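Going down the list, the sequences are from chains A and B. Quick note: the first sequence, position 88, residue 88 per full-length UniProt numbering, numbers continuous. Quick note: the second sequence, position 139, residue 139 per full-length UniProt numbering, numbers continuous.
Note that these hints are calculated values from the structure, not bench results. Heads up, a few of these hints could be off.
Here are a few chain A residues that sit away from chain B, every Cβ distance over 12 angstroms (derived from the structure) [to be verified]:
# : residue
1 : D44
2 : D66
3 : N83
4 : Y99
5 : G229
Far from chain A, by Cβ distances over 12 angstroms, these chain B residues were calculated [stated by the list, open to error]:
#  : residue
6  : Y45
7  : E47
8  : Y55
9  : D109
10 : N120
11 : A201
12 : P320
Partial list, derived from the structure: chain A residues whose beta carbon lies under 10 angstroms from chain B [claimed, not checked]:
#  : residue
13 : N29
14 : D40
15 : L42
16 : V74
17 : N77
18 : S197
19 : G198
20 : S218
21 : T254
22 : T272
23 : T273
24 : P274
25 : P275
26 : Y278
27 : A279
28 : R282
Owing to the predicted nature of the structure, the values given are computational and were not obtained by experimental measurement. We put the beta carbon where it would ideally sit given N, CA and C, even for glycine.
There are 2 protein chains.
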Amino acid sequence: MDYEEPQFFRVMQYAARADRDVVDMVSGNPDWDPPEGLRDGLRDYAEADAGDYQYPPSVGLAGLRDAIAARRGVDRNRVLVTNGAGEANHLAMTGGLHYFDGTEVLLTDPVYPYYAGRANFLGADRSFVPVAEDNRLRPADVRAAASEETAVIVVNSPNNPTGAVYDADAMAEFAAIAEENEALLVSDEVYDHFDFSGRFASALDADSPNVVATNSFSKTMAITGFRVGYAVFPPEDGPTGELLERARTQHMLTNVTGSRPAQYAVLRALKTTPPDYYAACRRRLERRVDAFCDALAEAGAAYNRPEGGFYVLARFPDFPGTFENVYELIDEAGVAGMPGEAFGESRSDWIRFALVTPRVDEAAARLAAYFE
Amino acid sequence: MDYEEPQFFRVMQYAARADRDVVDMVSGNPDWDPPEGLRDGLRDYAEADAGDYQYPPSVGLAGLRDAIAARRGVDRNRVLVTNGAGEANHLAMTGGLHYFDGTEVLLTDPVYPYYAGRANFLGADRSFVPVAEDNRLRPADVRAAASEETAVIVVNSPNNPTGAVYDADAMAEFAAIAEENEALLVSDEVYDHFDFSGRFASALDADSPNVVATNSFSKTMAITGFRVGYAVFPPEDGPTGELLERARTQHMLTNVTGSRPAQYAVLRALKTTPPDYYAACRRRLERRVDAFCDALAEAGAAYNRPEGGFYVLARFPDFPGTFENVYELIDEAGVAGMPGEAFGESRSDWIRFALVTPRVDEAAARLAAYFE
């Protein structure tokens, strides 16, 4: 198959079988604690009335949609709570392919493999736009690639795996390109709380009827297993209002609704978590970025310093990002990353390291020693 | 649209606006307490390590799959934990339509509207087999309706809305018909703990490569909002093994995985809940069935005495199951049911009442008084 998990698993299983200690920098699971309010929410929910254990509204708990709508500055009606950003992206991509005439999904290279796998599963044609040398996607390149065949354009900022962050101008351009080509821009913004650059802008700021923004609390609250995400669709009374109506139907017929304990806990955390929590998470990641990048520089590696998110791409001299080389790093250096070739062609010389481990320094030292 | 919720909502919203007290017998939400072990599971999970808040395996927590596999007498590999039975049915139906040549989904009349809505959404042709006078689906009628055009046959036992329970012979016949027509039998068994007849048999007993059984803990544990269900697919190494492989991929690309707090709590409840809990729930429903059916008899109504599940279909003299009449019952009798016409043609003279309210006696008395 053509999506991330088996490749993830391949590497993680290899690391688990290794005859030595290995620092896991493969998975995208935050290693820090969730907000205390989230645990409070779970505690309260354990004592809730039986009625509170029954179906929430299919579109999500009203309070949760309110909180999301307030944060995103949109009408609550546009917010659909989903089973993580995975379902949000799924609904958006299938919706765009159904609504617009084209059959093509425009993706970036390197690509988060789920996007490519999903497009493939849906029978769409896929086209990949390579990012520039600085890891950013150039609107001009997207415009050149887009055509009347294009139904969906997917962008992700802060980006997995490149760490690029797109500013308001870039996002407005992407939205304009979607409009010009009668396509849907799907903007996956799950790492938006981890913007180190200060330049992050949501695609929603483009105020376009051709934009769906997706997000989740998986990374922000360190709860990838809770599956609480959302999509913000164009207004129902606008020219593309059908997208929202159909997404609601598809969500209903696929999942009925999302899981209520998780939604309840997230809502509590949204209401009670001070800004310090998010700032501390961001600072922790920035420190790890600094330490890891410094060590990579010492090891003579090329690397991207991420503008956001928690992944670093590194390129070691004469050591391309193949599965074979990644396995060698596991066995010989005791560090597990993801081979760049898993993300497409343009970064196949690189290896992705996820900084969601307290052992970043140790991993960096091991890499430096190995490549010394 | 062509699925249940808006119709549900139409009736529930009408009832909520009514200028009087109304007994809600519309929704399918159990009104009793979940097992205490479920709450214990939530309490423990609130204190769990941060690592336990991250992605569970896409196919579900291993312990949960083990417990399901043991209960159903199948290999764990065949069990896919889903976001409720809704997703399980969705995966099974889409899988059958993809794998087999036909484009037709064979449903019963009356039908649980989600099945019909889903088939419609997926672009399938739909064909409805009316149940017999006794509310049971006759295998001979299904056989006569099935053809090489048939890709999926959906059955539901104990049945919503008729209360029919299919025995092992009927299930074996349904499976054989699926095999004969190169189609998939999807057997939705979510009410299996509420079998009053003692004749319930799972479609899995037919031991056929053309059967997917779906289920959930929503009704059994009174947790419709948790969204923990599952599908048992044919063995991966059998002739239809591709169904399982594709369902896993579709699940991954749609939802990534299910919600972990809910899976964790259900697993705890499965391990700790004594048989008494389930028996008490069944007895409670049996008492309600008796009381409600007795009152219907007094009111001069025809009714089905359900063999399982928690719905009763009733037919009042010269009072067909239209939305109009249901609204009249809300306003004049203070009882809200679902119009039979929402479930198809064969029971359009009937009204469905869900016995998931402690006020069954009161509702029965109101109906008796109204039709006196």
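To test your reading of the hints: which numbers does this structure violate?
1, 3, 5, 6, 7, 8, 10, 16, 17, 18, 19, 22, 23, 24, 25, 26, 27, 28
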